[in-house]
Amino acid sequence: MTDETSLMLKVKDGQIGHLSDLFEANHLPLYNFYLRSGLNRALAEDLVQETFMRVLAYRSTYKAESSFKAWFYRIARNVVADHFRKLSNKEHHESFEEQHMEGSDSLTDSLEQQDQRNDFEKALSAIPAEHREIIILSRFQQLNYADIAEMLNCNINTLKTRMRAAISNLKSEYRLITGEVTP
Amino acid sequence: MNHQDIISQKIEFLNGNRTNDLSPETLIMVKQDPELASEIEFVEQLWKQTELDRVSKPSAQMQARFYQMLSHAQSAEATSHKATESAKKTSREPLLVRLGLFQPAFQVLLLVVVFGLGWSLNSNKLSQQTDRSAVLENKVEALNVMVALSMLGKDSTAERLAGVDYAKNVSLDDERLVDSLLALLNGDRSSAVRLSVVDVLAQGKQHDQMQRKIVDSLSKQSNPIVQVALVELLQNYSKLSQQQLQTIFSNEQLDEEVARLIKQNFAPQSKTI
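Line order of the protein sequences matches chains F and S.
Position one of the first sequence corresponds to residue 1 (this note's numbering), numbered consecutively onward.
Position one of the second sequence corresponds to residue 1 (this note's numbering), numbered consecutively onward.
Here chain F stands alone, though its shape is the one from the complex:
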């Protein structure tokens, strides 16, 4: 049983003060998950708050056999889906290049590395949302295949197929952006 699983079980058991430990460990990755999904900063902050409120509200539904991360990010996905259901999402999207990532002004940054990062981010924002989502969950949130499959309610083989398609799609966009291939 992971630390987070046991903490969540304590929260479920009524020791809700332990939610602060889960918040400290997860709010930053979750906030960046929302930013990478294309939301602006203010909205990402609101949805982080909403996600933790739902963790508290639905704590009785948590089961130890499910990984905390899978359960947590399933709630996070529902939060953002509910948000877009209620509102038109036009003004809430922010492109990756408009977002300032911490430390990007460091003198030690090489221009080449910065360019490469920008190209990856542009490519990521150009691919379909369902492909972007599984790459973000795997690459940035570091979730394993079993957790992602559980979240997306599909089997591992289906996920493997989707992941390959997502990688292939991202690679094509990246090469277009870097000029390795012409459209």
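The set of hints was computed from the structure by calculation and includes no laboratory data.
Values in this document were obtained by computation on a predicted structure and should not be read as measured data.
Among the clues, some could well be false.
Unchecked claim - Ranges of calculated distance between the beta carbons of each label pair, as one might list FRET restraints: (1) S:Ser222 x F:Phe84: 47 to 53 angstroms; (2) F:Ala57 x S:Gly187: 43 to 49 angstroms; (3) S:Lys31 x F:Gly14: 54 to 60 angstroms; (4) S:Asp131 x F:Phe84: 38 to 44 angstroms; (5) F:Asn153 x S:Lys139: 34 to 40 angstroms; (6) F:Asn153 x S:Val108: 58 to 64 angstroms; (7) F:Tyr58 x S:Arg212: 48 to 54 angstroms.
Note that CB positions come from ideal geometry on N, CA and C, so glycine has one too.
Fit chain S to the known structure of chain F by using the hints.
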């Protein structure tokens, strides 16, 4: 093993979910297929690009909001727990009566046993929970002060107003917060901000030092509405001294009606002026 299996193995290895990288046999397969080799190379490039791991930090306000929410939830939980315990106790009473434990000696004995058991089982747990709550409350308060200070220092009037509004929910025990509010009261270009500060200060503790600061501020205010608000605030304090009244009346911009109001409300001292 098909291509997606190989890609998934590579990704799981790069994420640290697998201890072994691709086997030599698999690598031979990869080399023989240029498209697969290119995909594997791209995956490695994407996963090893540490520049992509840079993160943006949310505002401190987000943390403050979370801890406020948690604090409210804990209070609600504690209230609900007490109500449940009370309901259980009531439902157990008839059974005890049926068992004949209504006699005083038995009741005292039962009380001692239950209390002893309960104390030994719960004392550690209760003290840990109390400590944790206290730490959490302090953390919430410190974050609230930090957020309020940050908002009070903003250039935009709307943001400063929001900051003053935020400060209404923060304890005024922190001197930095009180000093910031007083600085706004004495020097902010917006009357709306100054008026809102008066509202916040009205919620704080009343002591002589604060009374002196309010008198000092009143001697500098030019807007009659702010002057009236400060006079009303002064009514919460003890009577003004002769010297304090002189300080107030030294304000050449003191509105005539406000001066009359001060004389009416602080009559014993005003007669001597």
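Results for each hint:
no., hint, verdict
1, S:Ser222 x F:Phe84: 47 to 53 angstroms, "50 angstroms, holds"
2, F:Ala57 x S:Gly187: 43 to 49 angstroms, "45 angstroms, holds"
3, S:Lys31 x F:Gly14: 54 to 60 angstroms, "57 angstroms, holds"
4, S:Asp131 x F:Phe84: 38 to 44 angstroms, "42 angstroms, holds"
5, F:Asn153 x S:Lys139: 34 to 40 angstroms, "37 angstroms, holds"
6, F:Asn153 x S:Val108: 58 to 64 angstroms, "60 angstroms, holds"
7, F:Tyr58 x S:Arg212: 48 to 54 angstroms, "53 angstroms, holds"
The structure meets every hint from the earlier list without exception.
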